[in-house]
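Please arrange chain W on chain H, whose structure you already have, making use of the hints.
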Amino acid sequence: MRYRVFITRKEGLADPEGATTGAALRDLGFDEIHGVHFGRIITLDVADGTSWGQIEEMCRKLLANPVIEEYTIEEA
Amino acid sequence: MRVAVVVFPGTNCEHDVVHALSLLGADPELVWHRDEDLADAAGVILPGGFAHGDYLRTGAIARFSPVMQAVEDMAAKGRSVLGICNGFQILCEAGLLPGAMVANRDLSFICRPVDLEVTSTKSILTATATVGDLLHIPLNSYEGNFIAPPADVKALESDHRVVLRYHGENPNGSTNAIAGITNERGNVAGLMPHPERATEPVLGSTDGRVLLESFVASLASVPA
Chain H
0 MRYRVFITRK
10 EGLADPEGAT
20 TGAALRDLGF
30 DEIHGVHFGR
40 IITLDVADGT
50 SWGQIEEMCR
60 KLLANPVIEE
70 YTIEEA
Chain W
0 MRVAVVVFPG
10 TNCEHDVVHA
20 LSLLGADPEL
30 VWHRDEDLAD
40 AAGVILPGGF
50 AHGDYLRTGA
60 IARFSPVMQA
70 VEDMAAKGRS
80 VLGICNGFQI
90 LCEAGLLPGA
100 MVANRDLSFI
110 CRPVDLEVTS
120 TKSILTATAT
130 VGDLLHIPLN
140 SYEGNFIAPP
150 ADVKALESDH
160 RVVLRYHGEN
170 PNGSTNAIAG
180 ITNERGNVAG
190 LMPHPERATE
200 PVLGSTDGRV
210 LLESFVASLA
220 SVPA
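Line by line, the protein sequences give chains H and W.
The first sequence: position 55 = 54 (numbering that gives the first Met the number 0), numbered continuously.
The second sequence: position 30 = 29 (numbering that gives the first Met the number 0), numbered continuously.
Same shape as in the complex, but just chain H (with noise of 0.2 Å):
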């Protein structure tokens, strides 16, 4: 089975890739852009019957920095 995390800086933290990314969307004349928001998706592939809570765990320890960082799961 497959799991898909998605891993976001805590809103209100410096994110210096959005910024740059949005100020370069503005230049192009999009001026509807109010932030841009970096992060990153990480895809597990997992034993069968392995619980959202193992997935968790993995988030806790090690795939996202809770000091800094958010995550979001889903059954992929």
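Calculated from the structure, these hints are not laboratory results.
There could be a bad hint or two in this list.
[Unchecked claim] Estimated spans, in silico, between C-beta atoms of each pair:
| id | chain 1 | residue 1 | chain 2 | residue 2 | range |
| --- | --- | --- | --- | --- | --- |
| 1 | H | 56 | W | 175 | 29 to 37 Å |
| 2 | H | 61 | W | 36 | 18 to 26 Å |
| 3 | H | 9 | W | 107 | 20 to 28 Å |
| 4 | H | 22 | W | 156 | 28 to 36 Å |
[Unchecked claim] A short, non-exhaustive set of chain H residues, derived as facing chain W with CB atoms under 7 Å:
| id | residue |
| --- | --- |
| 5 | 10 |
| 6 | 15 |
| 7 | 19 |
| 8 | 22 |
| 9 | 24 |
Glycine included, C-beta positions come from ideal geometry on N, C-alpha and C.
Quick look at chain W alone, frame taken from chain H:
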């Protein structure tokens, strides 16, 4: 006094650190990241580089290297623990220091000397310096932009645990121009610039000496 200088796969500043410590009369020894026993070391330095390729996040994988349990034990005992550049990032990931490092504000790799101001002497990194000292030391990083939740920043500031700040221009957008911090006890410290690269006149600056001298001096009084 023995100082363990940890080598992770991808560390690349360990020999510079060993050379600088030797100049200052310390007894440095390289330690592989799989070593689990640092028992008789009075202090440990995590040098700069790209431990485990900086994959996932800088320091994210290195913090689980076997040696890190020993580093945590040394920190808990009050021995001296210093992280330089990538080593600072590892200490943050390990939770031994607050905050985290993200990409530089301008998304450029910065490799040049910068000016730092000593803003607190309550740490193993700055104890023999003087508040207000200006130091000219190389910075060499892409992810040197220190960020932390507002409460953590506030605590660092009110406890005088920001020990070094960029002076004049803030090169990487670091929160409050923070370049180096320490823990509450003052025995764990990290900084992004490289003091070991400013220890001899031939290198263009000797301003890094006072920081490494502070570290070496701290070894004489660490708990057993």
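Outcome of the hint check:
no.	hint	result
1	H:56 / W:175: 29 to 37 Å	34 Å, holds
2	H:61 / W:36: 18 to 26 Å	25 Å, holds
3	H:9 / W:107: 20 to 28 Å	24 Å, holds
4	H:22 / W:156: 28 to 36 Å	29 Å, holds
5	10	11 Å, violated
6	15	5 Å, holds
7	19	5 Å, holds
8	22	11 Å, violated
9	24	15 Å, violated
The earlier numbered hints that this structure contradicts are 5, 8 and 9.
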